[in-house]
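There are 2 protein chains.
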Amino acid sequence: MPDSKLHWEDFITGAVTVYGPRLVTREEIVAFAAEFDPQPMHLDEAAASATLLGGLGGSGWHMCSLMMRMIADGFVLNSTSMGAPGVDEVNWLKPLRPGVRLRLRATVLETRASGSKPNVGLTKFKFELLDDADAVVMTQVNTMMFGRRAPAGAA
Amino acid sequence: MPDSKLHWEDFITGAVTVYGPRLVTREEIVAFAAEFDPQPMHLDEAAASATLLGGLGGSGWHMCSLMMRMIADGFVLNSTSMGAPGVDEVNWLKPLRPGVRLRLRATVLETRASGSKPNVGLTKFKFELLDDADAVVMTQVNTMMFGRRAPAGAA
Chain A
0 MPDSKLHWED FITGAVTVYG PRLVTREEIV AFAAEFDPQP MHLDEAAASA TLLGGLGGSG
60 WHMCSLMMRM IADGFVLNST SMGAPGVDEV NWLKPLRPGV RLRLRATVLE TRASGSKPNV
120 GLTKFKFELL DDADAVVMTQ VNTMMFGRRA PAGAA
Chain B
0 MPDSKLHWED FITGAVTVYG PRLVTREEIV AFAAEFDPQP MHLDEAAASA TLLGGLGGSG
60 WHMCSLMMRM IADGFVLNST SMGAPGVDEV NWLKPLRPGV RLRLRATVLE TRASGSKPNV
120 GLTKFKFELL DDADAVVMTQ VNTMMFGRRA PAGAA
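If you read the sequences in order, they're chains A and B. The letter at position 6 of the first sequence is residue 5 when you use numbering that gives the first Met the number 0, and the numbering goes up by one with no holes. The letter at position 117 of the second sequence is residue 116 when you use numbering that gives the first Met the number 0, and the numbering goes up by one with no holes.
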């Protein structure tokens with residue numbers, strides 16, 4: 000029986016998949032900020048209205064963390080993922096507003112075999128968080144490691 | 000009386016400051032992972048020992064979030080920070096282990112005036128999270144916006 004988990008070979012350059020939605024509440028935004036990013040613009044409407052956010056908006060790191068959860072539920076937990084060495088770039092384009100229903104658009108930018116590990120392949124993604132109006136709230140480019148169905152040299 | 004908050008002019012290229020320590024418990028690692036990154040390597044010692052982490056290690060996004068809190072307590076909450084447009088790069092170099100006491104090393108890489116906003120300056124930082132043995136667990140490069148003491152053209 001074939002392994003139903005997603006392997007490196009299953010990610011095709013140019014493929015686009017959309018995950019979600021994920022509702023984000025004011026309570027979540029304030030709880031995350033209180034623990035990790037207690038700047039007034041993430042905690043309090045009145046203080047936030049005087050900032051560049053123009054009203055309460057979640058921490059950029061909250062966006063990243065929510066995106067990770069959507070990636071995990073979307074495909075990582077059903078894959079041979081071995082994690083990621085880091086992130087190439089993160090762009091916070093719009094505020095994370097209470098009540099938004101986020102969707103995640105994942106585009107496969109590139110795939111390549113590992114140069115050193117024959118059973119590992121690398122997949123470079125562009126991830127975009129979208130709001131209810133399809134506006135892009137955050138973009139991220141990062142490369143993840145996946146196990147291969149067929150190790151290099153075994154074909 | 001001069002404003003005691005840190006302004007853009009107070010960040011000098013080449014300056015290095017170390018903040019912390021911040022103890023990270025197993026409970027925190029598992030709680031963050033359960034909410035945002037429920038991969039087995041972040042939740043369970045036995046599952047983690049079979050992965051590249053070689054034992055329980057926190058989510059990379061937990062490292063980023065903890066770093067944000069250390070930055071906030073270290074200087075951002077006592078500054079004219081206006082946030083950041085994004086992150087240039089994140090590198091996860093070593094696992095985040097339960098019981099580690101993290102320190103944060105902040106290096107000012109570059110400062111420049113905003114081209115469009117006379118009362119805003121940009122400061123580019125390299126941030127490094129260090130473990131108890133001074134090994135670098137994570138690096139990050141990002142640019143933050145700060146209010147200026149003296150707007151451009153006012154000198």
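Do not take every clue at face value.
Identical copies look the same in the list; a pair holds intra-copy or inter-copy alike.
Said to hold, decoys possible - The calculated lysine-lysine pairs, modelled on DSS-like cross-linking and capped at a C-alpha distance of 25 angstroms, are:
{"#": "1", "residue 1": "K116", "residue 2": "K93"}
{"#": "2", "residue 1": "K125", "residue 2": "K4"}
{"#": "3", "residue 1": "K4", "residue 2": "K123"}
It is worth saying that the hints were derived from the structure and are not from the lab. Bear in mind the structure is a predicted one, so any value in this text is a computation, not a measurement.
Right, here's what the structure says about each hint:
| no. | hint | result |
| --- | --- | --- |
| 1 | K116 with K93 | between (39 angstroms within a copy, 19 angstroms between copies) |
| 2 | K125 with K4 | within (21 angstroms within a copy, 38 angstroms between copies) |
| 3 | K4 with K123 | within (18 angstroms within a copy, 41 angstroms between copies) |
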